[in-house]
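Heads up: the protein sequence lines correspond to chains A and B, in order. Every letter in the first sequence is one number past the one before it in the working numbering, and letter 9, counting from 1, is 9. Position in the second sequence (from 1) plus 76 gives the number in the working numbering.
A couple of the hints might just be wrong.
Derived coverage of chain A by chain B (criterion: at least 3 residues anywhere in the stretch with Cβ under 8 Å from a Cβ of chain B; other residues may be distant) [said to hold, decoys possible]:
| # | stretch |
| --- | --- |
| 1 | 34-42 |
| 2 | 48-54 |
When the alpha-carbon atoms are kept at most 20 Å apart in a straight line, the in silico SDA-like pairs for lysine to any residue are as follows [to be verified]:
| # | chain 1 | residue 1 | chain 2 | residue 2 |
| --- | --- | --- | --- | --- |
| 3 | B | LYS578 | A | ARG6 |
| 4 | B | LYS508 | B | ASP159 |
| 5 | B | LYS374 | B | VAL558 |
| 6 | B | LYS574 | A | ARG8 |
A few chain A residues facing chain B, derived, Cβ under 10 Å [stated by the list, open to error]:
| # | residue |
| --- | --- |
| 7 | ARG13 |
| 8 | GLY14 |
| 9 | LEU20 |
| 10 | ASN23 |
| 11 | GLU29 |
| 12 | MET57 |
| 13 | GLN59 |
| 14 | GLN65 |
| 15 | GLU67 |
| 16 | VAL70 |
| 17 | ARG71 |
Bear in mind the hints are in silico, worked out from the structure with no lab data behind them. Just so it is clear, CB atoms sit at the ideal spot from N, CA and C, and this is done for glycine as well.
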Amino acid sequence: MGDLDRIRWQCRRGLLELDLVLNRFIEAELESLSPGQLGVFKEFLAENDTSLLAWVMGQEEPPAQYEALVRQLQQR
Amino acid sequence: MAITTRQFDAVVVGAGGSGLRAALQLAEANLRVAVLSKVFPTRSHTVAAQGGVSASLGNEEPDNWHWHMYDTVKGSDYLGDQDAIEFMCRKANEAVIELEHYGMPFDRLDNGKIYQRPFGGHTSNYGERAVKRACAAADRTGHAMLHTLYQRNVRAKTQFFVEWMALDLIRNQAGDVLGVVAMEMETGEVTILQAKATLLATGGAGRIYAASTNAFINTGDGLGMAARAGIPLEDMEFWQFHPTGVAGAGVLITEGVRGEGGFLLNKNGERFMERYAPTVKDLASRDVVSRAMATEIKEGRGAGKDADHILLKLDHLGADVIDKRLPGIREIAKKFANVDPAKDPIPVVPTCHYQMGGIPTNMHGQVLAGHGGNAIIKGLYAAGECACVSVHGANRLGTNSLLDLLVFGKASGEQVVKDLGADAIAHQELPKDAADRALARLARLDSAKSGESVHEVGAELRRTMQLHCGVFRFPDSLAEGVRKIHEVAQRAGSLYFKDKSKVFNTARVEALELENLVEVAVSTMVSAHARQESRGAHDRSDFPDRDDAQWMKHTFWYKEGNRLEYRPVNLKPLTVESFEPKARVY
Chain A
1 MGDLDRIRWQ CRRGLLELDL VLNRFIEAEL ESLSPGQLGV FKEFLAENDT SLLAWVMGQE
61 EPPAQYEALV RQLQQR
Chain B
77 MAITTRQFDA VVVGAGGSGL RAALQLAEAN LRVAVLSKVF PTRSHTVAAQ GGVSASLGNE
137 EPDNWHWHMY DTVKGSDYLG DQDAIEFMCR KANEAVIELE HYGMPFDRLD NGKIYQRPFG
197 GHTSNYGERA VKRACAAADR TGHAMLHTLY QRNVRAKTQF FVEWMALDLI RNQAGDVLGV
257 VAMEMETGEV TILQAKATLL ATGGAGRIYA ASTNAFINTG DGLGMAARAG IPLEDMEFWQ
317 FHPTGVAGAG VLITEGVRGE GGFLLNKNGE RFMERYAPTV KDLASRDVVS RAMATEIKEG
377 RGAGKDADHI LLKLDHLGAD VIDKRLPGIR EIAKKFANVD PAKDPIPVVP TCHYQMGGIP
437 TNMHGQVLAG HGGNAIIKGL YAAGECACVS VHGANRLGTN SLLDLLVFGK ASGEQVVKDL
497 GADAIAHQEL PKDAADRALA RLARLDSAKS GESVHEVGAE LRRTMQLHCG VFRFPDSLAE
557 GVRKIHEVAQ RAGSLYFKDK SKVFNTARVE ALELENLVEV AVSTMVSAHA RQESRGAHDR
617 SDFPDRDDAQ WMKHTFWYKE GNRLEYRPVN LKPLTVESFE PKARVY
């Protein structure tokens, strides 16, 4: 449980847009992510807010390892 | 219960721009510095600042700090303290150049100098024409600033406590501040961080409003800590709003939408701006548009099932024009309003953006004790959006927020170095009850078996502020707001959450944050209700004009007894002539 709780807190960001997108996502999907997906999500959360925003809003192509995750986030 | 105590020369609470700038000053003076932050430093809300930082470098065209000072005084609607404003504008060039030397990637001119662009409210020759004064790093100025300052702090060996939340200040019998009680989120454990100097840099508290551009972390933790420790909050009635944020989300919709021909509708589909501003209509100034929107909602003509927002129509522009002229708008509207603006209007509402008031300080970052005098609280400092120095007065000029945090972050750091260095002061003895207040708060929350939901009380707080103390304020509504916000405060005294685990318990953190938001909300509502004039961002329907004879003064709110006091504005700059109040026309 501790790990998921840490991830939940780390979805608190400097930008409101990310707070909204990430929190919608974790509310719906965090508990059903596979260990592999969880690992990618953790790495993703270590990236800069400005990069996350550009990827999620479709202004920049995300690196290959985040493509699937970003697609999921965009559907939320 | 025995609590671990750790000693530092200085503790900085908050690792946004002002906290990092202050910490750097301290660490480079070889002080032992601890910086606490709820989130990783570069994820502080400073990252949201896009516009730039103002400095009269004159790289593009003639400029000087006198003109910048005039613009800032006028922008403040004459509520800003002119000594602090002179100080800030004179220090601006140094602050920016210092950052450049730290490696901040400013945009540049062909000649290698820092590129500068125009920004609303900044003029040359005392209001004559727009001037290029904003220095930026593309649209990522805040981001670049945070990274630059963070790297520099790492180099200077600043010690970071990441994912720590400060709970309460420690004061002794004499009233001196001796550090903070803080909680490490990973373990839920409480530690005393004892310090000779405590510097609050916790940012704004825009989350008191239902419609806010602020990130979730902006809960006014420093203000709540100050209020509970008997320290006044200054000018809390002044909050900057933007007319068009997505209703229910807060994400801004650029004013460019109206510039390109989008317009606002009420629930009857009426283009109501024609009534308020027959000539310019939807292109009227921000305050006129915000006021009209608030009036429509107040009079029951808001859209939606709760009649609580306005519709921004732009489908008549056509998808091609929208995509070409307003890139990103469709994406924002789809994601945060769930509408495609090429087909349907976007629900919007005036949205809170920036807090002008805060913890009262002088221009050295020393926190004022209040009671009308200049006495300071020994050991306590504040800088940035959580502080009220006051350079923004009743309204802030764009790009002055980043300047504020650089200049006063550094100034407060310098003051700490001076105060600690002069006589190599030792730690004072901690009072026996040092951690009692914080522990009692935690004990109450952890032992509660029933009570109010954090989510519901928080939502009611935000709704009450939005409805009763928003961008345009009505007397009956304010009076009811005062009653309602005290009810909310009462309910917040018995918060309950089910999960009592210690490790990264977001529910506990949110309850503690809500207690801070309550202090901010009550001080805002009470201060706004009392100020019977319109000045800057405080706009009242029953007192439409500025009243310099009675109200050219700062509000000081005290939690104890919910009491208000006033303090005259300092109209005397440091070295130049005073700028006398004039009507504020742009």
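Here is what the structure says about each hint:
1. For the stretch 34-42 of chain A, the stated coverage by chain B is not satisfied: 0 residues place a CB nearer than 8 Å to a CB of that chain, which falls below the threshold of 3.
2. Evaluation of the coverage hint for the stretch 48-54 of chain A: fulfilled, as 3 residues show C-beta separations to chain B shorter than 8 Å, against a requirement of three.
3. Under the criterion of a C-alpha separation no larger than 20 Å, the hint pairing LYS578/B with ARG6/A is consistent with the structure, at around 11 Å.
4. Straight-line distance between C-alpha atoms of LYS508/B and ASP159/B comes to about 40 Å, which puts the hinted pair past the 20 Å bound.
5. At roughly 17 Å between alpha-carbon atoms, LYS374/B and VAL558/B fall within 20 Å of each other, so this suggested pair holds.
6. At most 20 Å may separate the alpha-carbon atoms for a hinted pair to count; LYS574/B and ARG8/A meet this at roughly 17 Å.
7. The beta carbon of ARG13/A is positioned within 10 Å of a beta carbon in chain B (closest approach about 5 Å), and the interface hint is therefore held.
8. Hint status for GLY14/A relative to chain B: holds, with the closest Cβ pair at about 4 Å, below 10 Å.
9. Taking 10 Å as the C-beta cut-off, the interface hint given for LEU20/A holds, the closest approach to chain B being about 6 Å.
10. At a threshold of 10 Å, the smallest CB-CB gap from ASN23/A to chain B is about 8 Å, leaving the interface hint in force.
11. Interface restraint check: GLU29/A against chain B, minimum CB-CB distance 16 Å, threshold 10 Å, status violated.
12. Taking 10 Å as the C-beta contact cut-off toward chain B, the hint placing MET57/A at the interface holds, the least distance being around 6 Å.
13. Taken as an interface hint, GLN59/A checks out: its beta carbon lies about 7 Å from the nearest beta carbon of chain B, inside 10 Å.
14. Annotation: interface hint on GLN65/A violated; nearest CB of chain B at approximately 20 Å, more than 10 Å.
15. A distance limit of 10 Å between C-beta atoms decides the matter here; for GLU67/A the minimum to chain B is near 18 Å, and the interface restraint is violated.
16. Residue-level restraint check for VAL70/A is violated (minimum Cβ-Cβ distance to chain B is 13 Å; threshold 10 Å).
17. The criterion of a C-beta within 10 Å of any C-beta in chain B is not met by ARG71/A, whose closest approach is roughly 14 Å, and the hint is violated.
Checked against the numbered hints given earlier, the structure breaks hints 1, 4, 11, 14, 15, 16 and 17 and satisfies all the rest.
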